[in-house]
Each structure stands twice: as structure tokens, then as C-alpha cells.
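Visitor: Sequence:
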Amino acid sequence: MVNTSQLFSVVATAIMTISSSSAFSTPQSTPVWGLQQAPRHHSSWPLYMSVPSSSSTSITLDRPSTFQPQKSTDYDQTTDDALNPDGPYTLRLFDDNLNTKEWVARSLVYVVGLCEQDAYAKMTEAHTMGIAKVGDYRFDIAECYRREMLKNEIKCDVIPAEEC
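Residue 8 in the UniProt record's numbering is what sits at position 8 of the sequence shown, and the numbering runs on without skipping anything.
Among these hints, one or two may not hold up.
[Said to hold, decoys possible] In the DSS-like style, the derived pairs of lysine-lysine whose C-alpha atoms are separated by at most 27 Å in a straight line are:
hint, residue 1, residue 2
1, 101, 133
2, 101, 155
3, 101, 151
4, 151, 133
5, 155, 133
If you're looking for bench data, these hints aren't it; they were derived computationally from the structure.
Let's have the full structure, built from the sequences with the hints guiding it.
Guide: Pasting the structure below:
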């Protein structure tokens, strides 16, 4: 059974012998098996292909032009209400004496994705008023946020937005 590394070295040696170049030599523009090597420029990458030496003409293939999709205006206009038949839901945050302000603000940043300023403002509103509206979300997203906040032992609930 032939070892694959030995087979690879034999094939590489055969190719190097046929092309009469070394692995460390610079590429030349000599045709190898019908393909002509050409220097590559960053502005364009054309494909060069030469016809075998029996004919003196050559064929050059260029890159295809860039495809630019056109915006279609014949699609059906849908609204958020049509996509979300349940309507928006509000995530509310309640004040409690168990958690520190920093913990509540940090949880709002990591769970809900609020920026630190908004999280601190919501936490302060809940602390002073007793309740704060975190935001309006689809029901499944609001429930996910509520569950994660409850895992952090922070009191919150989800209600339909029209009840606020």
C-alpha cells in the first residue's frame, strides 16, 4: 500500500518537472496546460485563457458585471398589526427592597439589552414611583424577558399595552 505523503511528493515532483519551475521561483507567463498565468491586480481579476498552440488567436474572459437587484414596488404593504395580531405587550418593573439598584440596572442591561443610561433611568423610576415601564415588546419576547428577570429575583410582569 502506498503512503499518501509519498504519493503526494511523487505527484508534486512530476508537476514541477513538467512545468520546469521550482516552488521558490517567481511565476512566469508561460502557458501550462492551456492556461496562461498573468499578474493579478487588486482593481480587476480577469481570467486569462489561451487556446492551444495550433492556433494564434487567444480568448480572454473578463469578470461578469456586478448584479444590482432592483427594488420591487408590487409587494403587499403589511403593518406591524397584521404581523403581530396579539398586539404589543408592556414589560413593567416593580420596586423591591431585596435587590440593590446596581443589580437591577445590570439585569436590565444584560437581559433586556438597554443601554446603561436607560437601565439606570428605569431603575430610578421604579424606585421612586414604585413601578416603571421598561418597554413595549411582542408577547413572546416580553415573556422571555420577564422569565429571565425573575431568574435574577427581580419583580416584573407583562400586560397588554392598552392597559397602561
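Visitor: Name the hints, by number, that the structure is in violation of.
Guide: none
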